[in-house]
Structures are given as structure tokens and as C-alpha cells.
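Enquirer: Below are the chains, spelled out letter by letter.
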Amino acid sequence: MTGRSRWLTMLAMAGVGLGIYTNRQTLAWLSLTVLIWLFVEWLSFHWRLWFELPRLRIVRSVSGRREATGFLFASRKVVVDVRLTMKGWQTGIAPMLVVRDCLPENLSVVTGHCEHEFLIRSHEVWYRYEARVCGSGNAQLPGFRITLQDAQGFFVAQRFLSVPQTFRVLPAFANVSDTRPLIKRINSLPQHGIHRVQRAGLGSELLELREYVPGDPPKSIAWKVSARRDTLMTRQYESEVPVRVHLFIDGSISSRIGGFGCRLLDQMMFVAGSVARSAISGGDPVGAVLFDERGARRIPPAGGERGFYRLLEAMSDFSVNPPPPQQRLSPGLINATMRLCGERYSELLDPKVNQVPFTFFPLSPWKRSERFRRTQIASVLAEVYRLSPMTLLELVHDDNLMATYSQRLLADAGVSWMDPLVRTRSHGFHDGMATMEMLSKALTQAVGTAKDNEVYVVLANMLECATNISYLLPAVKVALARHHRVIFVSPTPTFRRPARTSDLPEDVTAEELLDRAEDLRTIELASRLQKALRRIGATVALSGEEQAIRMVLSETHMARDGRVSLSGVR
Amino acid sequence: MTTPRPSPVSSKPQRERVADRIPAVDADLWQHVYLILTAMVGLLFVWTLSATDDVSLPLRLIFLAVLVLTLNRWTAAVLLGLIQVQLLFLEPPAVGVIAHIGGFLWIMLTLLLVLVVSRYRTLQDRTHSAGFAAIRHLFGHGLNRSRTEAEHEWFNLLTALKNLLSGVLKIAVCATVAAVVLNAFPVNPVPGERLYTYREFSLIPSGYRLIRLSLTLFAVFLVSWIVINESVWRRLSPRQASVYLRSTFLNWVHRDLRMVILKRMKIRRAKARKVPSMSRQDGFDTTVAVSDLED
Amino acid sequence: MLFWIREIVGWLLVAVSLALVWVGISFVSDPESPRVVEAGLLLFAAMALLRMGILLIRISTAARICLKEPNGTNR
Numbered sequence: 007m008t009g010r011s012r013w014l015t016m017l018a019m020a021g022v023g024l025g026i027y028t029n030r031q032t033l034a035w036l037s038l039t040v041l042i043w044l045f046v047e048w049l050s051f052h053w054r055l056w057f058e059l060p061r062l063r064i065v066r067s068v069s070g071r072r073e074a075t076g077f078l079f080a081s082r083k084v085v086v087d088v089r090l091t092m093k094g095w096q097t098g099i100a101p102m103l104v105v106r107d108c109l110p111e112n113l114s115v116v117t118g119h120c121e122h123e124f125l126i127r128s129h130e131v132w133y134r135y136e137a138r139v140c141g142s143g144n145a146q147l148p149g150f151r152i153t154l155q156d157a158q159g160f161f162v163a164q165r166f167l168s169v170p171q172t173f174r175v176l177p178a179f180a181n182v183s184d185t186r187p188l189i190k191r192i193n194s195l196p197q198h199g200i201h202r203v204q205r206a207g208l209g210s211e212l213l214e215l216r217e218y219v220p221g222d223p224p225k226s227i228a229w230k231v232s233a234r235r236d237t238l239m240t241r242q243y244e245s246e247v248p249v250r251v252h253l254f255i256d257g258s259i260s261s262r263i264g265g266f267g268c269r270l271l272d273q274m275m276f277v278a279g280s281v282a283r284s285a286i287s288g289g290d291p292v293g294a295v296l297f298d299e300r301g302a303r304r305i306p307p308a309g310g311e312r313g314f315y316r317l318l319e320a321m322s323d324f325s326v327n328p329p330p331p332q333q334r335l336s337p338g339l340i341n342a343t344m345r346l347c348g349e350r351y352s353e354l355l356d357p358k359v360n361q362v363p364f365t366f367f368p369l370s371p372w373k374r375s376e377r378f379r380r381t382q383i384a385s386v387l388a389e390v391y392r393l394s395p396m397t398l399l400e401l402v403h404d405d406n407l408m409a410t411y412s413q414r415l416l417a418d419a420g421v422s423w424m425d426p427l428v429r430t431r432s433h434g435f436h437d438g439m440a441t442m443e444m445l446s447k448a449l450t451q452a453v454g455t456a457k458d459n460e461v462y463v464v465l466a467n468m469l470e471c472a473t474n475i476s477y478l479l480p481a482v483k484v485a486l487a488r489h490h491r492v493i494f495v496s497p498t499p500t501f502r503r504p505a506r507t508s509d510l511p512e513d514v515t516a517e518e519l520l521d522r523a524e525d526l527r528t529i530e531l532a533s534r535l536q537k538a539l540r541r542i543g544a545t546v547a548l549s550g551e552e553q554a555i556r557m558v559l560s561e562t563h564m565a566r567d568g569r570v571s572l573s574g575v576r
Numbered sequence: 611m612t613t614p615r616p617s618p619v620s621s622k623p624q625r626e627r628v629a630d631r632i633p634a635v636d637a638d639l640w641q642h643v644y645l646i647l648t649a650m651v652g653l654l655f656v657w658t659l660s661a662t663d664d665v666s667l668p669l670r671l672i673f674l675a676v677l678v679l680t681l682n683r684w685t686a687a688v689l690l691g692l693i694q695v696q697l698l699f700l701e702p703p704a705v706g707v708i709a710h711i712g713g714f715l716w717i718m719l720t721l722l723l724v725l726v727v728s729r730y731r732t733l734q735d736r737t738h739s740a741g742f743a744a745i746r747h748l749f750g751h752g753l754n755r756s757r758t759e760a761e762h763e764w765f766n767l768l769t770a771l772k773n774l775l776s777g778v779l780k781i782a783v784c785a786t787v788a789a790v791v792l793n794a795f796p797v798n799p800v801p802g803e804r805l806y807t808y809r810e811f812s813l814i815p816s817g818y819r820l821i822r823l824s825l826t827l828f829a830v831f832l833v834s835w836i837v838i839n840e841s842v843w844r845r846l847s848p849r850q851a852s853v854y855l856r857s858t859f860l861n862w863v864h865r866d867l868r869m870v871i872l873k874r875m876k877i878r879r880a881k882a883r884k885v886p887s888m889s890r891q892d893g894f895d896t897t898v899a900v901s902d903l904e905d
Numbered sequence: 328m329l330f331w332i333r334e335i336v337g338w339l340l341v342a343v344s345l346a347l348v349w350v351g352i353s354f355v356s357d358p359e360s361p362r363v364v365e366a367g368l369l370l371f372a373a374m375a376l377l378r379m380g381i382l383l384i385r386i387s388t389a390a391r392i393c394l395k396e397p398n399g400t401n402r
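Residue numbers (the numbering used here), protein chains in the order written: chain S, 7 to 576; chain Z, 611 to 905; chain R, 328 to 402.
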């Protein structure tokens, strides 16, 4: 019952009473008509709510797929078709019905609307909208929120119709064009994935001629040249080796904070996916080490399309946010939980079903309403996570427990790691140190099991760890000493390279000043990081864009040729 | 705002047919239709309200303008309340059988006004477009519309009116039932014994009539409420049933369980208070204990 | 079975309360001697009985719905 019908009922009852008591016939008649009208509308609404609505069937197809599971690619558009049909003998879907597809935060509507209202009865209706997948990980479309209302707005009810579809979202990748020249400059093509390295070896291309040394195989003596020079000369051939690319991807808390598509992890995944695509196209096997607070997971190097998609799947699983770190209970967290409950568990919030025990305290009305809301949320949480009545009541009184379960509910619903789910300001120095330790350990392990010509691409939030870089340097030195290549790609929160600009507009807003301060901090950290890594000969890229991908690819190309990197820092 | 919504593109012919039909229903246009209807019904209503009085035309038009222009703020309840107050003070008391067509038509007109105002407000809540936008559309956009737009608007007008017709029929039936109910309970149930109840039990006849009518209506409502609610209750989802059982159980034992939980929390906090002093001696991290203390 | 017994008891209470309402109306409807106060007391008692009956019916129905669910016993 809405406020409108409540007021009408009260007025009508008063009108009937006064009209009959004072013998005002028209007043009594009018008021009684209103009462009967409301009663008829109530009956009709209940019929629709409890007997017609359960017959409603909704089918959603995402890019033509109706299955409960599937996969999508990040940063690509999907077309969503929603079809509503009435099952059984009913003549149609009754007005006024508002259907809203509850989208996860990982999907954002591009064209059309995910919500539609239906004003007339129809046998079958459908609507379409386009959405963009924001970041890698997963996208869970839980179902539809249905708002049923009578035409006059006297009664309203909300229900949730579960139509779950879960998609694994593979990281986006760019098809970077090959930078190698197309002119043939060699006599024999090596096998796919085998590269000519300009070092002495057992390849087929001539590297150089040198004087004969006892022990050289007679087969390698260049007889014509030896005759011309009057001394024995030996042919030295190039080496032909495969290049293996290892991606180290950091999934620590700081890289997961932010909205989907804006996380540092999303930038890293884009660079990693693009590098993997290009390397595998060139025949190089690509492996990965995915590390975060939970530990490290190693994906062995593999080539070919199957290897590429296996890697993407592992990266996608890794991109799914784990249970968030514990936060204190805040009004924002409670409000967010209540909003989610209202959207997905609206039928469980019905006071007829979800009863709140009467208490005298607290006395103030706003605190009472807060307690009421909290008890209702606790009841929904108890139902969703199958908790006992004892734990339900504990949720009402224990803030820490309430915060834990609220966070769990929000995280399970695919809410991104932002306020109020995770406080962005509470992470810093200690997290950076932990990340460096984890990375150092992973790098040392990888070097221990490495062969020749490994390319290590470290994708981590290095700026956050710049002050703790000394933890990592020994491991990098070991890798470089073993003639491997180490490339660092550190995305920035602003998605752009930190640049030293001194121009500041005259009339600046507080927001611009904050941005500027953030930029200056990033520049400071970046220069510190560059100095430290350049000194030992590692390569650094401070962006998560295409330039970083090109830099990694050119380093890989140089590794294939056996050349030494001169620049060091990009 | 009023241009037809683009219909979704589909390769399947069946989809195209459905798509052509469904997006044609436009909530914005329906809102405009209800605004026009409010103005028309309001005009009729104002005319009937002051038909016997010598009220000038500009005054009536001002009343109508106030009704239409304040539509975004007024609700049907305010309108009904004002009409009831007007009836209470201006209608002469009368005893007898209700059987006049004039009264019936006037009640129909009044409730039609309540209906269109309610529907307008409901649509406004959905579309969030103001009444001024509708007026601007009606006067500004009136002549410059294409054939497709005109067809689209015509379709919406007819559909909205068809939809309204069922509402009007419902009101007519309700008014008839109300008249029957009122006639079934006359002021004096025993002819010729008009003041009997008043003399014996200090009840004036109309008061006695009110009690009888209220009780009868209450009984009818009670029976239908029980039948509907209990049949609806059987359609609960398992989740709803589970939440109901858990919350009912909690209702019964709330006081006892709350005492147990508060006691447990108190002990836990006391323990947490002890941990920092010990841990400082041992050199352990005290983060957890401090966070608990802050509660 | 226990749920069914509870539900039957609930319906009996509802029936008794409706009967009391009927009696109350008949008290008032008698134009010779309308007993309004007695009818009010009866209605009050009827409402109390109705509330109890409805509670019993609802609990037993909800319990049966929970039992129908495959893993309802875990709750």
C-alpha cells in the first residue's frame, strides 16, 4: 500500500463516518465508493501479484547466448535481449510492470536502457540494450527486479526474478602490428618459435670466420678461405634458440582497488594480454606468475592458440576480486547493503515476512529506524548465508560481524573494491613491502628454473612500492646476471605517463589542485624508481598503454636477436 | 521527448513484429493524455460544482488553471479531502433512499478526476518529466509533426483511453455497490419507531446506522482479508518462509537471546582489553585488539 | 503431521473468531435492543482469537514450505 492509498483510505473512512452520522448522503456515498474502489483495486492487485506474476517467464540472451555460463571479452560491447512471456492460460502481462535487469558493476549500459516499463497487456514483449564489459574477471547477471503497480499507484510490490548468468570475462588485448622488417635477409628460415641469436651456436646461418683451433670439427673448416689466406679458417654458425616470455602479474590489494575497467589490474591485464598475443603469434611460448596476498600461481609457458586462451582464462580467474580485507562498519556500508538487499532480495524485506522484534530501546525515532533496517538486513544475511537465529541477533548487535557479512554480500554481488566496500586510503607502505617480497620470491624461483633467453615482464604497481624497491633489486640483479631480460611495466592510476609540466592554470579548482598533487607525487616516485632500476640495467615503462606494449615487444625482439638493450628506461 | 523510441533491430521477422508493437507505447505520451483529461474533467467538475452559483467564467478558469498547474504538487488525496470538506459544509442533510442519477454522475465525475490525477502522478514518477513539458509539447510541437509521429501519438491516445475505460467501469460498479449498501442500511430500520434507539440507548438513528454499517463492512473485509491472505500465504517462496520462521522464532526469544549475546560481547571486549598489555610485553602486533577496543 | 494439527487448530480458532464477530453483529443489528457495548467486547475477544489462529496457520504453512525444499532441514 502506498502513501497515496493510505491517505485515501483514511479520508474515505472519515468521510463515510461523518457522512452517515450527519446524514450527508453524497458525502457518504462518495466516500463509500472510494473505499469499495480501493478494496477492488486491492483484490485485483493481489491477484496479479500472486497468481499472474509467478507465470511470468523472462529469458535473457547475451550476444545470442542464453546459457547460464559463457565467456566475454573485456572492453567489448555485448547485445542483451530480454524477452518476457506469460506461461499458461493468462492473456498477457498486466500493466503496470517495470522490469529492470540487475547489472553487475562490471557491465555498463551503452545504448538503450536496462529498465523498461510495460503499460498495456501483451502476450510477449522484449527489449534490447547494449552494454560494455568493463574489466576482466567475471560478470554475474543475477536476474530481474520487477516492480508491479496498479495504474493509479495505490499499491506497489517489488519482486526479484532470478535468471542467473555468469560469464568469465577474458582480458582485452591489442593486436600490435609486427615491428620486424619483411625483407628476407636470411638464407634459411628457422622453425616457428626458434630465433637466430648472434652468438656462436649450432644454427644454419654463418656468424663469422675465425682461425682454426684444435678440436674444431673438420666439417666446419672453410677450405676456400683457408686456401686464400694460407691458414686454416673455421666457420662459426649462429645460435638458434627459443625465447620464453614470463609475465609476472601483481594482484595485490592496491592494484584491485577501483571500479572495473579502472583498476590498475585491468591495465596490467591489457598489457599482459597484448604481449602474450604478440609473442605467441611470433611462436614464443608465454607463461605467467600470478601473485597476490593469497600466494603465487605459476602458469607454465605454452605456445599456440590453446596456450594463449589457457593463459587468458588463468588471468581472468585471477582478476576476480577475492574476499575483501575486513573493514569497520560504516553507515555507507550499511546503506550499500540495504540498497543491494532492496534490489535483489526485496521480497525478503517485506515486513509481513521479515518481522522485527519490538524493543523499547533505543527511544529516538531515527535510531529506532536504523535498528529496524539493520535487523531486516541481518535477517536477509542470515537467510542468504544460512545462519542461525543466534547469529542473526549477533549480527544486529556486533558491528564487526555485521561488517564482515555485509562485505561478503557486496563482494559476492560483484561490487567493485571502492568505498564503502574497501577503504581506499587505508593501504600504503606495508602493502608495498609485502608486494616487493612476493615479487622478489617469485622472480628468484623463476630464475632458478629458467633456461636461456628468458624475458621477464613484471607488471606490478611499482609506484606504490617505489620506497621498498631495495627488497626487489637482488632478485633482478640475479636475473640480469643470468643474461635474462627484465622489463618492468607499472601502470599509473591516471592512465597516463607522469610528465613534468610546470604550467598551472591561473584559476584552479580544488579538484585540479588535488590532481596536480597526485601527479607530482607520481613523478617523484617514478623518478626514484627509474633511477634504482636503470642503475642495474632493467627496463621500465610507467604506463599501461600501447607504448608499454611496444616497449616489451621490442625488448623481446632484441632478445630474439641477442642484442643488448641500450636505453634501459622508457 | 515525444519522438517515438527507436525500435530495436532484429533479424528475425517475429521479433520485428513484436518490437514494432511494444515500443509504440510511450509513457511520456500517456502522461500528456492524462494531463489533457485532467484539464477536461476538471473543467466539467468545476462547472458542476458551481452550476447553481453565480460564479464568473474567469473565476472558474482560474480554479481550473490552479488545478492543472499545481498537479505536480497535489495528490489525489488532497483533492478528495477538499471535495469532502466542501460536501460536509455545503451539502444539506437528507434522509432517504439514494436513487438519483445526478448524484451518481457527479460521483463518477469526481472519482474520474481522482483517477486521472492519480494516474498522471504515477506516470510522472516513472518518466520524471514535468507537466510544463507536456504543455509545451501540446502547444509548441502541435503543428510540426510528421505522419509517423502523428500515428504514434494517435495510437497512444486510443490505448490510453481504452485503458481508462476499464477504470471508469470499475468506478461505476463501485458507486452502484456503494449506493446499494447505503440503501440496505436505512436510517431508521424499524419504520414508525424512529426515535426508539435514541430514547433507550442514547443513540441517535444516524449513529446507530453508522455502527451497523461499519460492523458489516468490517466483517466483509475481514472474511475477504482472511481468505486472500491465507491463500496468498501458501504461495510463499521457501526463502520467504524460512525468513518468516527465523524472525518469528527470534520474536519469541528475543529478550533472552539478546542478553546472552550482549554478555558474550562484553566478555570478548574484556579479553581484547587484556591482550594489548600482554602483547606489548611480548612484542606482538596489537592491531586487532585496538580495533576491537574502539568499538 | 504436527504441522497439519497446528494448522487445523489455527483454522478452528479463526472460525470461532468469525462466529464471535457474527454474534457481535447480531447483537448490534437487533433494532429492539441493540447491545453495542457487549458487541464491542465480543469483537475484541474475536480479534485476539483471530490473531492467534492466523499465527498458527502461518507458522505451520511456512514450516511445510521449508520442508518441501530439498535442503530445508539444514536451516
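Misleading hints may appear alongside valid ones.
Stated by the list, open to error - The calculated DSSO-like cross-link candidates involving lysine-lysine, where the alpha carbons are at most 30 angstroms apart (straight line), are: (1) S:LYS373 - Z:LYS873; (2) Z:LYS873 - Z:LYS884; (3) Z:LYS884 - S:LYS358.
What the hints assert, rightly or not - Covered by chain R, per the in silico footprint, the following chain Z stretches (three or more residues, Cβ under 8 angstroms): (4) 815-827; (5) 840-846; (6) 854-866.
In short, the hints are calculated from the structure, not lab data.
Glycine included, each C-beta is placed from N, C-alpha and C at the ideal position.
Enquirer: For each hint, tell me whether it holds in the structure or not.
Expert: Status of each hint after checking the structure:
1. S:LYS373 - Z:LYS873: holds (22 angstroms)
2. Z:LYS873 - Z:LYS884: holds (17 angstroms)
3. Z:LYS884 - S:LYS358: With a Cα-Cα distance of about 44 angstroms, the restraint between LYS884 (chain Z) and LYS358 (chain S) is violated, given a limit of 30 angstroms.
4. 815-827: Since 5 is at least three, the answer is holds.
5. 840-846: holds (count 4)
6. 854-866: holds (count 4)
In terms of the numbered hints stated before, the structure departs from hint 3 and from no other.
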